[in-house]
Structure formats: C-alpha cells, structure tokens
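Quick mapping for you: the protein sequence lines, in order, are chains D and S. Here the first sequence is numbered in full-length UniProt numbering, starting from 1 and rising by one per residue. Here the second sequence is numbered in full-length UniProt numbering, starting from 1 and rising by one per residue.
None of these hints come from the bench; they were simulated from the model. Using N, Cα and C, we set each Cβ at its ideal position, and we do this for glycine too. Hints should not be assumed to be uniformly reliable.
[Claimed, not checked] A short list of chain S residues far from chain D (calculated; beta carbon distances all over 12 Å):
id, residue
1, SER4
2, PRO6
3, CYS20
4, TYR26
5, LYS37
6, ALA44
7, ALA92
8, GLU174
9, ALA295
10, HIS312
11, THR314
12, LYS320
13, PRO323
14, GLN353
15, ASP392
[As the list claims (entries may be wrong)] In the BS3-like style, the derived pairs of lysine-lysine whose C-alpha atoms are separated by at most 27 Å in a straight line are:
id, chain 1, residue 1, chain 2, residue 2
16, D, LYS210, D, LYS191
17, S, LYS370, S, LYS101
18, S, LYS320, S, LYS101
19, S, LYS201, D, LYS44
20, S, LYS395, D, LYS210
21, D, LYS47, S, LYS201
22, D, LYS262, D, LYS329
23, D, LYS263, D, LYS210
24, D, LYS210, D, LYS329
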Amino acid sequence: MTMIQALRSAMDVMLERDPDVVIYGQDVGYFGGVFRCTDGLQAKYGKSRVFDAPISEGGIVGTAVGMAAYGLRPVVEIQFADYFYPASDQIVSEAARLRYRSAGQFTAAMTIRMPCGGGIYGGQTHSQSPEAMFTHVCGLRTVMPSNPYDAKGLLIACIENDDPVIFLEPKRLYNGPFDGHHDMPVVPWSKHPLGEVPEGYYTVPLDSAKVVREGAALTVIAYGTMVYVAEAAARETGIDAEIIDLRSIWPLDLNTIVNSVKKTGRCVVVHEATRTSGFGAELCALVQEHCFYQLEAPIERVTGWDTPYPHAQEWAYFPGPERVGAAFKRAMGGA
Amino acid sequence: MSQSKPLTLHVPEPTGRPGCQTDFSYLRLAAAGSARKPPVDVAAADTFDLASTLIRVLDDAGHAVGPWAPDLDSELLRFGLRSMMKTRTFDARMVIAQRQKKMSFYMSSLGEEAIGTAHALALQDGDMNFPTYRQQSLLMAKNFSLVEMICQLLSNERDPLKGRQLPVMYSVREAGFFTISGNLATQFVQAVGWAMASAIKGDTKIASGWIGDGATAESDFNTALTFAHVYRAPVILNVVNNQWAISTFQALAGGESVTFAARGVGSGIASLRVDGNDFLAVYAASRWAAERARANLGPTLIEWVTYRAGPHSTSDDPSKYRPADDWSHFPLGDPVERLRQHLTGLGLWSDEQHAATQQELEAEIVAAQKQAEQFGTLAHGRAPGAASMFEDVYKDMPEHLRRQRQQSGV
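Work out the full structure, taking the sequences as your base and the hints as a guide.
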C-alpha cells in the first residue's frame, strides 16, 4: 500500500470496528479527499459516518469536540496543516483541556489528521510543519508516521486513544519515500518493504520510537520525511549513524533516545520545521539534560531556516542530505 | 456624486453614560401577545418577522396573553419563581463571600434569572446545555447541589473540579451542564457538534448552546450557525442579549439597527426574539424550539432580550461606563417581580409566601455555604492536593508528568 492507501485502510478498519467513529472534513466525503485518503469510505459507510464539511477549520474541530463530548470518536481532517490556525482556539483551549478542566467528566477522544511538510513546491501555505505549535500544548498528543505500515498502525492507535491526537501526515511521503534527492526519480511504496501493509486490524504503539538504522557513531533524532534524508546522509557520508524515527513526537519515547545517545555520545536533531523554538529545541534540551556526561560534541540541529516556506527556493530551504551530512561531520569533530 | 468629502469612522456609542439616562428606544419592543406563534415546522425564511419583533406573554398588569401563553401547571410556575429567587439569592450570597475573600472571583446573573430557569424546564433529562458563565440558573432549575457548587467556587478539597478551574466555571455532566470554558463562544459550536452526534446515533436528545451578545462577534458564533444549518442539527442556539459585554454596549458587537435573531434567519435558521425577563415567554419559546429540534426539524436561534443588571463580575465597576440607575429604566423590568405579579394575580402566590420562600432560600444557601466551608476555603486552605494537578491532563499520566510530579515534591 501507499501511505494514502494505508491511512484509508486504517480509517476503513476503524469505521468497521467501532460504530462511534465518524470521519469528516473538507472534500472528505463524496470526493474522497483531495489526497484520496478517504476515497470510497462514504460509499461504504454512508453519509452519517463519512461526510463533507464546510470550509471552517474552527467549525470542524469545534463540532468534533462536541461529538467527542457526546461519546463519538471523530476523526477529522484539516486539508493542509498550514490551515489549522483558524482551529487553534478549539484545539488549544478546548480539545486539549476538556478532560483536565472537567476533572474527567468530559473527554475529547478525537483525531485531527493534517497533511504536513514540504518538498513538493507547496510554497508558504502547503508546506509547513507546525508540530511545535502542538507539542507545546499540554493535553495533546502529536504523532507523525514515516511509512505506510506505521501510518496505518499509528492512525488506528490514535483513533483508539482516549486523548486528543494531532496526526501529521507528511504528504511528501504519500506515494513513496523521499530522501531529499529531488533530482532523482521517486521510488513508489510498492518497491519498499514498509509498503507491505496488512489488510486488517493492527496497531503501532504510541510513545514508542523506532530505531530505523542501528549505528555506533552518532544518534540522529528525526521524524517524517527527515528519516529518509538522514538515511541518505548516513549512506553518503559513510558515518555510522543510529537513526531514530520518533513516530510519536510528544509525548515521546525518551528511553530510546537516551539509550542511543548514551551509546554514541553524539546527537543530531533533524526536522523540516523552522529552527527557533521548533521541536528540535526540546529534543536538544532533553538530550542535554539526560546525556550530558556522555556527550562528546555539541548537539547539532538541522532544520528549515527561520523564514516562511519559499516556493522557488524550495531546495535551498529543505534540509536535504547534504546539509544533514555536513552536520554529521561536524558532530564527529570534522570541519 | 462627484464630491468626495473626507470619510469618517463610525464607532457606536450607548446613549447612556454615567450621569445621563439611557434611551432604550433602540430595543424594538412589542406589546405582549402581539407576536404570532408559527407551527414548529415553519421555514426559516418565514421567521424574519419573529426575529425582528419581540415575543412576550406577560403584559404590564401581569396577565398572560397571546398565542405564546404556555399551559404550565401551578406547581411548575411556583417552582420556576422559586428557582429564580434561589439563583438571585445565591448570587447575592456569593458576591458577599467574594468580598470576604472566601473566593477569588464571582459572576452574578442578576436580572437574567428567567432565561436559564425556564429554559431548563422546557428541556428533558439527557439533553445537554453548553452554557456560558452566566447560566447558573440552569443548575438551580435542576435542583443541583448548592454545596457542590460552592465547593467549586471555594476551590476546596471537595471541589468536583479539584481546584483546577476559576470559580463559576462549573461542569455538571449529570445535570446536562457542559464544562464551562473561559474562552468565549467555543461552546456554541461544540453544542452543534453534540447535537450532530445525537443525530448520527439516531438518539432523541437535543443540545442547547449559549452565548452572550458580545461573544456573537467571535468567529465560533458564525461557525455554529453555519454547521447547525448545514447539518440541520437538533440544537437550540441561545443568544442572551443583556446589552453589555463588560463595558461594551451591544451596538459595538454588531447590534446597531439589527437584531441578533436576524443573524439566524440570514443563516437559514428559524429564529425568535423573545422577552428574556418574561418567564412564560422564555418557557414557551424554549419549548417550541425543543419540540422543533426533537422532531428533527432543525435548529432554532433565540435572542433573549434582557439586561445585565449587575456588574459584569466581581472585578468590574459598571458605574464607570453606564448609568447607575440603568436597570430601573430598562423597559422589560425584573423577571422575578414580573412572574411574582403574574402568580399573585392568579391567586397562586402571596406576599407572605414570597417572604417565607425568601427566608427559606436564605437559610438553605447559608446552610449550604457553611457545609461547603467545612471542606476549606481559599482563605483558610484545604485546597485539593498539589499532586492532583498532574492528573487528567491525559487519560493516563505520561512519563514526563510523572517526572514533573516527582520533581515538584508533592
């Protein structure tokens, strides 16, 4: 399966298993989503389970909070992560805090899917990686898969989870893995082992990172598209990097990170999002706090620049394998 | 027109400021009994006249007149009056307790007691209200425990919300009272979502959303109307127009030369504009809207015309922005006095009964306050333990919160 098919399969499985799961968002119903992620679901489950919504992110998330308070398990879509901002109040002030402020009387078991990330000539409002906007909010879970297998298993886990979850989908990875070499043809998921996705129900646990490449020289903490960029950088520099795909961005799997950095003594944090106050800052702080005596070099951060996401300058902005590789070398003590 | 004079910015102002008298002619009043009562399956577009006039039942002499006069039995009428009196007495007591520093903050609903009280009586058990911070009368009409309410206000060890919320931000699921948020208007769209959920599940419950005149300017107001209309959600959308949003007159929220009820019609929602100080009109209109929703005929928007008689909150001094005697000039009067007059006229109530009920309520509230204070107050401690601060952020406490709880030493 592609990531699109895997996500659709996750929703299909959960619509089938749990009569309280409902799916809606802009163009999600009849048309099946602008990325085809909900294709065929309305025909299969009917309009009261899968339906189109007005163009109102605040309305989509706000009604979902109400539905969750009733006892449904809404899975709503924001067409692009770049357009979640109008729903900020409902996400931060309501969904995230419903359980806390009502001492558990009302809860918001809901999942908000948002295609995110750049590398597709999406310009300023089709490329953003706003995960740090969510990781800073107590009460939210933020999750980002990097391959079809995880995408389905994580999405099912998120839908079943009783906390509100922001589920970020790197649209650059929808049809195949991408390592930042934009001048090379993209390999489809059908030719990748992680494109093997079971048809039925399974989950990938939350709060659990995955070591996608074992290594001894340094630890790379990445998620989404950057996992493949890091792999390419390791290949091309010949540096024996241990690459961790966080999968659950927050709350995260601290043990896997700490164990790895304690072993390697070096750490490079990689994300597409802009640098200042990005999630990488939290990762650096955690590593510094927990691995200070094992660190043999300053923690490196490779991120998007502190600018809005440009159009023409896409590949100068996107942290590709060359920039990531250079950070590997710096972390190893090279120039 | 070829001449271009310099443009000017229009900034609405209330007619009455401190030291002068408000001209209430802007209110678009109508005589009791004059508004028609349409069938519950009326088309939204055919309610424009009802969104522009004022539905009233009680006339100046306290008689129930016109097609909206509800058929309420005397027991329920007396209970309604008692619930209003209870709301008012409770508010007055809590304002004193705030002044005595037993609680940090309070918001009274003086003058608005009829709306929540009568509305609650028109709903059924299982329906869910999505209130603002000024619908405590909904809880009074549900006979909800005063002790629990006061414990929340005191943030003491029996506070059902474990001291996490500002006073007044109640949450009472069992009484159909959704958790109050400080963020205005957010609950208006959540009410629509709750109603959609009820429809999705083929349930028979309905939702009731609440918002003030000022908060209609928030985007969630518009959003709620759109979603309610699009999905024909079984929801009552209540706009409590008490003329003031803290210091801001309702004209600045967009109420100049237009009613808030008319917004509903513009969104394709059947809409009513109702005398919010007329217990009988509130009950009748609420009942009508609830019937409509329960019959799957869609949402109703109701603008309740009333007056915020008290300060916005215990942190507010209204004499700095409006006339001190404004309420005495408000043409729709006092909801308690109007129902009292009506019941007295029917021989269902007397001055003696009124005085006795008032005394009874005072005693009940004082006793509840005493009982609640045994579990601690803000001034005298016994707040919920600090360790509970870390609970309920997530369903299960994640590792980082367990670590922080440990670090905090509690």
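Results of checking the hints against the structure:
no.	hint	verdict
1	SER4	holds, 37 Å
2	PRO6	holds, 35 Å
3	CYS20	holds, 38 Å
4	TYR26	holds, 31 Å
5	LYS37	holds, 30 Å
6	ALA44	holds, 17 Å
7	ALA92	holds, 27 Å
8	GLU174	violated, 8 Å
9	ALA295	holds, 18 Å
10	HIS312	holds, 20 Å
11	THR314	holds, 21 Å
12	LYS320	holds, 29 Å
13	PRO323	holds, 35 Å
14	GLN353	holds, 37 Å
15	ASP392	violated, 5 Å
16	LYS210(D) x LYS191(D)	holds, 21 Å
17	LYS370(S) x LYS101(S)	holds, 15 Å
18	LYS320(S) x LYS101(S)	holds, 23 Å
19	LYS201(S) x LYS44(D)	holds, 17 Å
20	LYS395(S) x LYS210(D)	holds, 24 Å
21	LYS47(D) x LYS201(S)	holds, 12 Å
22	LYS262(D) x LYS329(D)	holds, 19 Å
23	LYS263(D) x LYS210(D)	holds, 16 Å
24	LYS210(D) x LYS329(D)	holds, 23 Å
Figure legend: structure checked against the earlier numbered hints; hints not met, in rising order: 8 and 15.
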